[in-house]
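So the protein lines, in turn, are chains A and B. My numbering numbers the first residue of the first sequence as 71 and each following residue consecutively. My numbering numbers the first residue of the second sequence as 8 and each following residue consecutively.
Rather than coming from a laboratory, the hints here were simulated on the basis of the structure. Virtual Cβ for every residue (Gly too), placed ideally from N, Cα, C. Take these hints with a grain of salt, some might be off.
[Claimed, not checked] Here are a few chain B residues that face chain A, going by a calculated C-beta distance under 10 angstroms: (1) GLY130; (2) ILE132; (3) THR165; (4) LEU328.
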Amino acid sequence: MTEPVYARKRIMGNLPDILQLLFTGLAVGSIYAIIAVGFTVIFSSTQVVNFAQGEFVMIGALVSYWLVGAEHGPHLPLLLALPLAVLTAMFVGSALGWVLMRPLKDASVTTLIIITVGASMLMHGIASMLWGKDPVSVTAFSKTSGYSLYLPAALTGPDAYPVYIGTQELWVMGLAALIVLLLTFFFNKTMVGKAMRAVSVNRHGARLIGINVSRMVVGAFALSAAIGAIAGAAIAPISMASYGMGTMLGLKGFAAAIVGGLGNFPGSVIAGLLLGIMENFSATYISSQYKDAFAFIILLVVLVISPNGIVALFRRRRARA
Amino acid sequence: MTRFRPSLTMISAVVGILLVTIVPCFVKNSYALVPLTFIAIFTIVVIGLNLLMGYAGQVSLGHAAFFAIGAYTSGILTTQYGFSPWLAMPAGMVLAGLVAFLVGMPCLRLHGHYLAMATLGFGMIIYILLMQWPDFTPMPFERLGALLHIPASLVWPTTGGASGLVDIPELAVGPFVFHENIQKFYLTWAFAILALLLCANIVNSRVGRALRAVHGSEAAAATLGVNIAAYKIQVFVLSAVLAALAGSLYAHVVNFVSPPTFNFIRSVDFVVMVVIGGMASIWGAVLGAGTIVLLGNWLQDVGAKYPRFAEFDLIIHSAILILVMIFMPAGIVCTVRDAVLRWLRGRTAAPTQTAPAHVEEVATK
Numbered sequence: 071m072t073e074p075v076y077a078r079k080r081i082m083g084n085l086p087d088i089l090q091l092l093f094t095g096l097a098v099g100s101i102y103a104i105i106a107v108g109f110t111v112i113f114s115s116t117q118v119v120n121f122a123q124g125e126f127v128m129i130g131a132l133v134s135y136w137l138v139g140a141e142h143g144p145h146l147p148l149l150l151a152l153p154l155a156v157l158t159a160m161f162v163g164s165a166l167g168w169v170l171m172r173p174l175k176d177a178s179v180t181t182l183i184i185i186t187v188g189a190s191m192l193m194h195g196i197a198s199m200l201w202g203k204d205p206v207s208v209t210a211f212s213k214t215s216g217y218s219l220y221l222p223a224a225l226t227g228p229d230a231y232p233v234y235i236g237t238q239e240l241w242v243m244g245l246a247a248l249i250v251l252l253l254t255f256f257f258n259k260t261m262v263g264k265a266m267r268a269v270s271v272n273r274h275g276a277r278l279i280g281i282n283v284s285r286m287v288v289g290a291f292a293l294s295a296a297i298g299a300i301a302g303a304a305i306a307p308i309s310m311a312s313y314g315m316g317t318m319l320g321l322k323g324f325a326a327a328i329v330g331g332l333g334n335f336p337g338s339v340i341a342g343l344l345l346g347i348m349e350n351f352s353a354t355y356i357s358s359q360y361k362d363a364f365a366f367i368i369l370l371v372v373l374v375i376s377p378n379g380i381v382a383l384f385r386r387r388r389a390r391a
Numbered sequence: 008m009t010r011f012r013p014s015l016t017m018i019s020a021v022v023g024i025l026l027v028t029i030v031p032c033f034v035k036n037s038y039a040l041v042p043l044t045f046i047a048i049f050t051i052v053v054i055g056l057n058l059l060m061g062y063a064g065q066v067s068l069g070h071a072a073f074f075a076i077g078a079y080t081s082g083i084l085t086t087q088y089g090f091s092p093w094l095a096m097p098a099g100m101v102l103a104g105l106v107a108f109l110v111g112m113p114c115l116r117l118h119g120h121y122l123a124m125a126t127l128g129f130g131m132i133i134y135i136l137l138m139q140w141p142d143f144t145p146m147p148f149e150r151l152g153a154l155l156h157i158p159a160s161l162v163w164p165t166t167g168g169a170s171g172l173v174d175i176p177e178l179a180v181g182p183f184v185f186h187e188n189i190q191k192f193y194l195t196w197a198f199a200i201l202a203l204l205l206c207a208n209i210v211n212s213r214v215g216r217a218l219r220a221v222h223g224s225e226a227a228a229a230t231l232g233v234n235i236a237a238y239k240i241q242v243f244v245l246s247a248v249l250a251a252l253a254g255s256l257y258a259h260v261v262n263f264v265s266p267p268t269f270n271f272i273r274s275v276d277f278v279v280m281v282v283i284g285g286m287a288s289i290w291g292a293v294l295g296a297g298t299i300v301l302l303g304n305w306l307q308d309v310g311a312k313y314p315r316f317a318e319f320d321l322i323i324h325s326a327i328l329i330l331v332m333i334f335m336p337a338g339i340v341c342t343v344r345d346a347v348l349r350w351l352r353g354r355t356a357a358p359t360q361t362a363p364a365h366v367e368e369v370a371t372k
């Protein structure tokens, strides 16, 4: 039988590990959250599940890599390269929105899904031709790579590791928070944002009151692509950039969007963060080989228990009570 | 006296069997039969997926996983447990059917994109499992093996991880082994034609009529008492079972399985095949599978010559997918067939007067 004091000390001794996992998990989770928000923006204005969302992330990462660090690239400063990468992704995103315009009017869900899957594969293939197949490392946003945070020895014991706070992770979290704030403002306070929401509620009604629906649809795709590209540019220094990075990231963000409830904005942010943290902890404490599978297992479980997301589950409980 | 009137299905089947029988006569070396064998294998997957997409209006982005379940069940049971391939094949089909039932059950009651998501996630899980399956026997299973006095390798099968399973035996009837390319060709096409006939019969049966009703209008079908969710789950399970059958054939024909054969891109390829052949057209499956396999072979040759275009098949497949879906969502075969029929009808009879489109639209609302 262990005495309670020792038990407490053992838990506290793990504190730096736990904080470290929490921190990196939050950073990865922020990326999932941004991607999930990108899904939500498109889904809530067009009811299209955009399976090409991850490729916007890849475009953001690879274009910013090429503009800043590539051998034969223009070596632009980051402050200039980031907006250019975002613009490129927005251009591709608008093109996708424009392509979907015609089928959106009458095609079935199956058709729309297949088109976005096709678009995803197309970008995937083109990127592999442009940038090759090898992953490239990308320069971080700041020169300082990170800080070591020593916890008080009274808490953790004398020879505990410090918690390492990476600056790029801080950038990722900051950008994610900024995007969420700006989007909330955009959808609630600006005319265009309100118009986009109107289109999602009722397309015909929106058209009747004089909203240009096609422009809103293309706009939603462009906005979503911009969000994805920022996520890509921010995560690339941590995870490296490659033509195939979008698939996994996109799917994880997608899992977050479903877990949060498709079309539910705060839900997808929370689900993204939780997914990142859970993935990080399970990789350490359960199995690192199956790290990538956890997100999908969670996705399947949520689809079985509550297909409208965990938030809906709680809401339903509350309504019943 | 009733006159014998062969049905369209029967005619197609006879023509199909004749074609398959004579094709090898025109092939110079037996190596050229290999892609034709693959066409048969993929046709089996595509027919099932075709029923799912065309009749149930659902899309699966993880059919490579069911294909993998068939292939790996066959591979594991025959190489590690000494099963006969003829027993391993139905085992894989049953397993795939069960798994499909579990995955599809919650999703098929819902809107179209939920099954796409669930199957996509499921496909990823299976792929990761195949890649990362531990070589060693985990402790609890080793204990179990010791407890039952059997070797641990029997309790804990291995998938071979990234390098895959080798030396999977060929199918055999008595002393006759399907070993030569031409034997494998006839074997796989026999299965493919059986699967085609099975599905053609299903489409023309009561189930098929119900499915067509669901395809036309779910609400109308439901009002007429068609249990939509039940039919959808049946079609999904059937498509998974067919995919597993094809996977098992693949394992016994190629004698080797490894995870890259069953990745996400393979799942998308199956969808491309369905789209080319046309949704809700059984016989289009052969055409879809044929186009993609032959195109893939040709592109591989091009890729070998010009390494820069190695990833070109991906671009071409996805371009086909997008263009077909936008301009002819019914698929190439159906669109062309309808155009020809319209042209023929236009020549023989004056166009019949139909209600203007907007009247129908109002009527459905």
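A quick look at each hint next to the structure:
1. GLY130: Result: holds, 9 angstroms to nearest chain A Cβ.
2. ILE132: Holds - the Cβ of ILE132/B comes within 10 angstroms of chain A, reaching about 5 angstroms at its closest.
3. THR165: Violated - the Cβ of THR165/B stays beyond 10 angstroms from chain A, reaching only about 14 angstroms at its closest.
4. LEU328: With a minimum Cβ separation of about 3 angstroms from chain A (threshold 10 angstroms), the hint on LEU328/B holds.
Hint check: a violation occurs at hint 3 only; the rest are consistent with the structure.
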